[in-house]
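Once you've looked at the hints, dock chain U against the given chain E.
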Amino acid sequence: MAELTNTAMLGSGRSDRPQGWRLRFAGLKPFIGSPLNAVITFACLWLIYRLMTGAWGWLVTRAVTEGGPQACKAGHGACWPFLAAKLRFMIFGFYPYEEHWRPGLAVLLFLAALIISMIPRFWSRRLLWLWLGVVVVCGALMYGGVLGLPVVTTNNWGGLPLSFMLSSIGLAFGFVLGVLLALARSSKLPAIQVIAVVFIEMVRGVPLVSILFMASVMLPLFMPDGVTIDKLLRAQVAIIIFAGAYIAETVRGGLQAVSKGQHEAAASLGLGYWLSMRKIVLPQALKIVIPPLVNIFIGFFQDTTLVTIIGLLDFLDTVRSAMRDPVWQGIAVLEGYVFAALVYAVFSYGMGSYSRSIERRLKTDRH
Amino acid sequence: MASSASSPVRLLYDVRVRAVLYQVVAVALVLGIGFYLFGTVSRKLAEQNIATGFAYLSRPAGFVISQSFIPYDSGDTYGRAILVGLLNTVWVSVFAVILSTVFGLVVGIARLSRNPLLAFLALIYVEALRNVPLLLYLFLWYALIVAVFPPVREAWQILPDVFLSNGGLIVPSLRWSPAHTGVALALALGLVLAFVVAAILRRHRVASGHARAAWPFVLIALLAPPLLALLLFQPELVVNWPEKGRFRITGGLQVTPEFTALLAGLGLSASAGIAEIVRAGILAVGRGQWEAARSVGLRDRQTMRLVVLPQALRVIVPPLTSSYLSTFKNSSLAIAIGYPDLVMVSNTTMNQTGQAIEGIAIFMLVYLGLSITISLLMNWYNARVALVER
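Heads up: the protein sequence lines correspond to chains E and U, in order. Residue numbering for the first sequence follows the working numbering, starting at 15 and increasing by one per position. Residue numbering for the second sequence follows the working numbering, starting at 692 and increasing by one per position.
Please note that a few of the clues may not be correct.
Unchecked claim - Far from chain U, by Cβ distances over 10 Å, these chain E residues were calculated:
(1) L59
(2) W72
(3) V74
(4) G81
(5) W115
(6) L123
(7) R140
(8) G147
(9) G153
(10) A186
(11) V231
(12) F236
(13) K274
(14) G284
(15) I312
(16) P340
Claimed, not checked - Covered stretches of chain E (chain U as the covering partner; in silico rule of three or more C-beta atoms under 8 Å from a C-beta of chain U):
(17) 49 to 57
(18) 97 to 111
(19) 208 to 219
(20) 322 to 330
(21) 353 to 360
Think of the hints as simulated: they come from the structure by calculation, not from any bench. For glycine and all other residues, C-beta sits at the position ideal for the given N, C-alpha and C.
Excised from the complex, chain E in its bound form (with noise of 0.2 Å):
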């Protein structure tokens, strides 16, 4: 009797099928299929005719394409001679001109070791000596002093290779400070447990910009005498620690994702603490928080640009910097920011793109 209720409950839906010539227009129903729906699907063309138009007049049709500051100063469009002439400049900042290959190669290798490190085939622990010797390549490219390079100081590094830098490193590091902390927090330890949630939240309370005031204006203060650090240095510390705290209370999450009864199974085969936590719990609470990971390494990725407020010259400050010289000064106001905005777009919904396939590819694996 209940079955064939619910037959005739199934049986008796409207038949969504279109005949006659409806069928013809069909496809045009969730466009048009009330009046409200069509003044929106209307709206919505026209607003997209007018983003259309306005970006491609002032893109092409209406751009300057030749000629120095004074052309692009009659023009009405985007100065595309702006960008021919800065862009060396915006991408890698005060590096020696000559050398400019030293930081193109560094980035390279940075996006290459980033790329494998993407493809789940080559998830183990060798990943991590890739990225230790690209660390180490690449740091000892830019610096320079070893086969000949001529040394070239921090002070003169920027643009690109440096957000790069400062988020990747800052990244790596605060995972270990941030698994360290998590694995704190979640302790049965009642001190040990205190200290990484006082610090935890400390961090999480304040903006970043505080902290990297504080590296730099304060970290120098509590230095004992003789030691002086690096500003480059003080930033990374700052975004490592910052780093640090969030991705704590992401891996937190995973932790209590694991269940008891693999904590319980650990310790009857006899393991301890730490062998239960590196073979056992952590495997499997890492696997779940990859792709909030690759959310936090996006947002990291945008953060760096605060060091600008600092005075380091990352990618948005040597973009800043090409459109204050006093050549292009008032003249190139926009183009700047937008190619800055689109190098960052297309990095961070690349990244993005690949946290959502590693989420639905997780998805499938468990069911």
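Chain U only, in chain E's frame:
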């Protein structure tokens, strides 16, 4: 047994003893580092002849702040300057939170629209805002405002007595008096009263089962205090008209381009995140809930209010809290475009007095305190809407 347990070597292998030992070591380490750093700092400060302590807060600041909500001039103290900065931070954060919530709600619902064009546009909006750093947007909005609007001398008069230029938007304002403050306080009181009355009536309705219209009582509770205050204080309506001089516009309320750029940057960037939060929240409520509500005879609006929204809020509130908190913290980027917020005023103070530690300590404590307050409030709200299990 007893003798072996008390032997010192055995003791070291006891799990409980070890736990205590680890904790003692950790605390000692933290305290040791703290004392060492404190020692170094005080020695260095003494060497460099930098004064310590908060006495400087009562000295005259000597710098001007372009926007303040309480009377301030360069003769006022550092303490007051920092308070002005704090109020500016709160002011821009509150507006940014409201802006981001409204935009986020609209875009989040638009993302779920059955109209593919609208859903696509909403997706573009979210992706464009999420994938570009906030700081870049701040610079971009600021550059756009300065590039698009005319200089002050050629300010557009968009409405009578409303001027728009790259110096900001200037509108007529009321000349504020204590009587106005009284009315505003009465309005706030009315709001609180209205909520209390609504809660009492709801409780009564639930207890007695009689559904009686509650809105007249709520309306009275809302309007009575401000109306009474209006009659009592009789605030004067003196309008402060902006006047256009040759080089600048005086009088009126001025919305600076820095404020506008910061508000747009913070609000829009946060709205993209909120849109995703709202979308996830609505998606988390299953179709079955709608169908079940309809089958017990609820109308669409009732279903939304009584069934879907309470469940969606449960998913929405925790991430929404972090979004509000990060908007509040991100307002510290104001320093990059020159909006005089807490960090920027503190920075000026630090440069003038050289007392970096105190300056940083003040704004970190303020941020920490306000962050903890907001998160406690939201946790309280979250506990109210959360699922009560077993």
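Status of each hint after checking the structure:
no.	hint	result
1	L59	7 Å, violated
2	W72	12 Å, holds
3	V74	20 Å, holds
4	G81	20 Å, holds
5	W115	27 Å, holds
6	L123	24 Å, holds
7	R140	31 Å, holds
8	G147	29 Å, holds
9	G153	25 Å, holds
10	A186	21 Å, holds
11	V231	4 Å, violated
12	F236	5 Å, violated
13	K274	18 Å, holds
14	G284	14 Å, holds
15	I312	8 Å, violated
16	P340	17 Å, holds
17	49 to 57	holds (count 3)
18	97 to 111	violated (count 0)
19	208 to 219	holds (count 5)
20	322 to 330	holds (count 3)
21	353 to 360	holds (count 4)
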